[in-house]
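Asks: Chains as they are written, first to last, in my numbering: chain B, 316 to 793; chain X, 26 to 131; chain U, 17 to 199.
It is possible that part of the hints are untrue.
Listed next, the stretches of chain B that the computed footprint assigns to chain U, with coverage defined by at least 3 CB atoms under 8 Å from CB atoms of chain U [stated by the list, open to error]: (1) 373-381; (2) 391-402; (3) 445-452; (4) 587-595.
No lab work stands behind these hints: they were computed from the structure.
All C-beta atoms, glycine included, are put in the ideal place defined by N, C-alpha and C.
The lines below spell out each chain.
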Amino acid sequence: MSSWVHLLSLDLAVVGLAALVMLLDALASLRGRTIGALVVAGLVGVLIASFQIDVTGTTPHGAYVSDAWVLFFKRIFLCAAILGVLGSIEWLDRHAPKRQAEYYALLLFSLVGMLLLPGARDWVLLVVAFELMGVPLYVLAAYAKNDTTPGEPKLAAEAALKLFVTGAASSAFTFFGLALLVGLSGSTSIAQGAQMSPLATVGLMLVIAGFGFKLGAVPFHFWVPDTYQGAPTPFVAFLSVAPKAGGLAALSVILMSTGWVGAKELWAPAIVVISIASMAVGNLFALPQTDARRLLGFSGIAQIGYVLIALAAATEQGLAMALFFIAAYVFTNLGLFLVVHAAAQDMGGHGIAEMSGLSRRSPWLGGALLVFLLSLAGIPFVIGFWAKLFVFLEAYRAGLVVPVIVGIVLAVVGLFYYLSVARQTFMAEGKSDEKIHAGAPLSAAIAVCLLAVVVLGLWPGPLVESANAAAAAFLGGR
Amino acid sequence: MNVPSEHLLYLAAGLFAIGVLGFLIRRNVIVVLMCIELMLNAANLTFLAASRQHSTAQAANLDGPVFAIFVILVAACEAAVGLALIIALFRLKQSVEADSLSEMKG
Amino acid sequence: MAEILFYVLSALALLTGFGVVLAKSPMMSILSLLGSFFCLAVIYLLAGFQFLAAAQILVYAGAILVLFLFVIMLLNLGDMGVVAERSNSFLDSTAARLGAALAVGLGVIGLVAASKAAFQPAQAEPGKALDGLEAIALQLFGRYSLAFEAASILLLATMVAVIALAKRQRKSGQNPTQNGGRA
Numbered sequence: 316m317s318s319w320v321h322l323l324s325l326d327l328a329v330v331g332l333a334a335l336v337m338l339l340d341a342l343a344s345l346r347g348r349t350i351g352a353l354v355v356a357g358l359v360g361v362l363i364a365s366f367q368i369d370v371t372g373t374t375p376h377g378a379y380v381s382d383a384w385v386l387f388f389k390r391i392f393l394c395a396a397i398l399g400v401l402g403s404i405e406w407l408d409r410h411a412p413k414r415q416a417e418y419y420a421l422l423l424f425s426l427v428g429m430l431l432l433p434g435a436r437d438w439v440l441l442v443v444a445f446e447l448m449g450v451p452l453y454v455l456a457a458y459a460k461n462d463t464t465p466g467e468p469k470l471a472a473e474a475a476l477k478l479f480v481t482g483a484a485s486s487a488f489t490f491f492g493l494a495l496l497v498g499l500s501g502s503t504s505i506a507q508g509a510q511m512s513p514l515a516t517v518g519l520m521l522v523i524a525g526f527g528f529k530l531g532a533v534p535f536h537f538w539v540p541d542t543y544q545g546a547p548t549p550f551v552a553f554l555s556v557a558p559k560a561g562g563l564a565a566l567s568v569i570l571m572s573t574g575w576v577g578a579k580e581l582w583a584p585a586i587v588v589i590s591i592a593s594m595a596v597g598n599l600f601a602l603p604q605t606d607a608r609r610l611l612g613f614s615g616i617a618q619i620g621y622v623l624i625a626l627a628a629a630t631e632q633g634l635a636m637a638l639f640f641i642a643a644y645v646f647t648n649l650g651l652f653l654v655v656h657a658a659a660q661d662m663g664g665h666g667i668a669e670m671s672g673l674s675r676r677s678p679w680l681g682g683a684l685l686v687f688l689l690s691l692a693g694i695p696f697v698i699g700f701w702a703k704l705f706v707f708l709e710a711y712r713a714g715l716v717v718p719v720i721v722g723i724v725l726a727v728v729g730l731f732y733y734l735s736v737a738r739q740t741f742m743a744e745g746k747s748d749e750k751i752h753a754g755a756p757l758s759a760a761i762a763v764c765l766l767a768v769v770v771l772g773l774w775p776g777p778l779v780e781s782a783n784a785a786a787a788a789f790l791g792g793r
Numbered sequence: 026m027n028v029p030s031e032h033l034l035y036l037a038a039g040l041f042a043i044g045v046l047g048f049l050i051r052r053n054v055i056v057v058l059m060c061i062e063l064m065l066n067a068a069n070l071t072f073l074a075a076s077r078q079h080s081t082a083q084a085a086n087l088d089g090p091v092f093a094i095f096v097i098l099v100a101a102c103e104a105a106v107g108l109a110l111i112i113a114l115f116r117l118k119q120s121v122e123a124d125s126l127s128e129m130k131g
Numbered sequence: 017m018a019e020i021l022f023y024v025l026s027a028l029a030l031l032t033g034f035g036v037v038l039a040k041s042p043m044m045s046i047l048s049l050l051g052s053f054f055c056l057a058v059i060y061l062l063a064g065f066q067f068l069a070a071a072q073i074l075v076y077a078g079a080i081l082v083l084f085l086f087v088i089m090l091l092n093l094g095d096m097g098v099v100a101e102r103s104n105s106f107l108d109s110t111a112a113r114l115g116a117a118l119a120v121g122l123g124v125i126g127l128v129a130a131s132k133a134a135f136q137p138a139q140a141e142p143g144k145a146l147d148g149l150e151a152i153a154l155q156l157f158g159r160y161s162l163a164f165e166a167a168s169i170l171l172l173a174t175m176v177a178v179i180a181l182a183k184r185q186r187k188s189g190q191n192p193t194q195n196g197g198r199a
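Extracted from the complex, chain B is given alone in its bound form:
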């Protein structure tokens, strides 16, 4: 018992933090921003601890494996959670001052699910962790209660219900597919693949469909724009990155494990189709959008398309570059959503038209927005450029020429709408010249994202190395 509990010390610390938050709220009834600060401090502590303590090993029966792969993902999730909480502090204090503890506790519970995902080597643990990640998100999406803006609470409830209905259906698909796979292989170990048969194919496709939902990849993307538009923006910043990284972790654990990597001829084409469809739908539907959140929703669908090409390559380098891409995406997209949130608070709406004159009203927010947009578009010397380049390169090496060409063409289309947003903020005349006030925690979160995007863009080496090490540890230890 005692010999393996330390493998889960980071996860347990987050559970403890969630419990502490709820207890403190009940006993000390903290007000204002204290709880948020406490959560950030705790999560930063866990993140630092992830570099300090040794958590490598395997639990009995091999249900959970902790290695460099798991640590890479855990750090991504922790970073996303820290930045997401930082971005939410002010919004929460203003809009739901009495329900702060629940918000943070739910976010932390979802984080625990994510932390468990990449190390799960047993179907049962994997799906329970996946549900643990998903269930709190449904409620967090509905968190815009006494909003004074007319229609906002209703939009939030609608967004949450959409997220829930698609999510619940996708988990039903996953379970049915799993029942077929587990039935065929006779074991709940993921590494225990089944002999391929029509039935196993159906099972595998159902499972991919179920996990593809959280990624927001194309046939399962219907919830994305609506939920992004309706749910509270600081939460969407977290929702748009962390569960996607979780979905990628789960899909890689399934597809690249010994049992299923052999069936590559079967699932790789499916992933390629999903990837091409995601890039096409994401980029083309983003063009006519007038709401920044919906635009970012479709752009996120497109970005997931790029990541899936790397996964479809089914090589160690491909997997490593998928990790690099998702890390880049986390910082870029989170930062971008937080800038949109900061701007929308003072500019009266989330429309792209409302962003006009942002650079004049707040040069640093405008600049940050530009950098994030360039990163998503894949312009050189910010992190997004390397991410796209590496992903396309590895996919090309694995022989996926057509998806790479489609991806490059659609990336050029993407350039158009990213830059048109940038043009709006820099060239267009704003309604007023009043300065925009973004509070300290929000500014700090944006600054961290900006720093990560710029520094890693100029110096991507260390991140590439650790992504390589993570992929090698995962594939070597399987």
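Position chains X and U against the provided structure of chain B, taking the given hints into account.
Replies: Relative to chain B, chains X and U alone:
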């Protein structure tokens, strides 16, 4: 019972198909949720059928029943959260306006 | 005897399943679902899964469906039917949706039929329950202990989530006890 396990699978596939059908054609969210429960039950039946097939007279295969217990747990969690969301939305709609759930399009 | 019972119950389970989808009022849907679950519970029992049959009745029929029933009656939806319509941007016409659903269903059934040999041939029928309580408990606290603990966190998270949702009805500055009766 001397029924071949394939027949359990046929029943499960049929129930799952009915659930998918309901999920696609029904627009009342509560009924959609029920259809999802039906799909989860089909999954449970499949788990049990598979477990039955892998069991021998000496050793029962318990993966199926254990997995089914977790499916029931997840179903309970989802039903609780989903129904709470529906109640929240219903109250908002009643107090704001009784409109259909399509504020956002695209 | 048991075989005949199985086929009768299967037919009933499918029929009541259709009832869930086709019933006009949510109340009829929920009663159909209840019937379907009962049939399934008996089928579990016939197949040798005694614990699962009990869990099916106690948890599914006893708790989850009662929760549904409770919500339907609370919202007074007996015959109103349209509490919250889903957005229909996807597969708008009923015909298209029916076709899609039929295709999915036929595909699944056809594939199951096509791969009859995929599952190993059935073993000799064990006389006792396939899911002895003791054996299940040993599995849950042994091989699946980690998932079991994660499940406890999932339940806690669900509880917090539902409470956070119920709490949202309170306007700021309002007396907390004022809404207790409504929830």
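Asks: Does each hint fit the structure? Answer for all of them.
Replies: Hints, verified against the model:
Taking a C-beta to C-beta cut-off of 8 Å, the stretch 373-381 of chain B contributes 4 residues in contact with chain U, enough for the three needed, and the coverage statement holds. Given as covered by chain U, the stretch 391-402 of chain B fails the check, having 0 residues with a CB less than 8 Å from a CB of that chain where 3 are the minimum. Note: the stretch 445-452 of chain B has 4 residues with beta-carbon separation from chain U under 8 Å; the three-residue rule is met and the coverage holds. Here's how the stretch 587-595 of chain B fares: 0 of its residues keep a CB closer than 8 Å to some CB of chain U, so the rule of at least three is not met and the hint is violated.
Checked against the numbered hints given earlier, this structure breaks hints 2 and 4; the rest are met.
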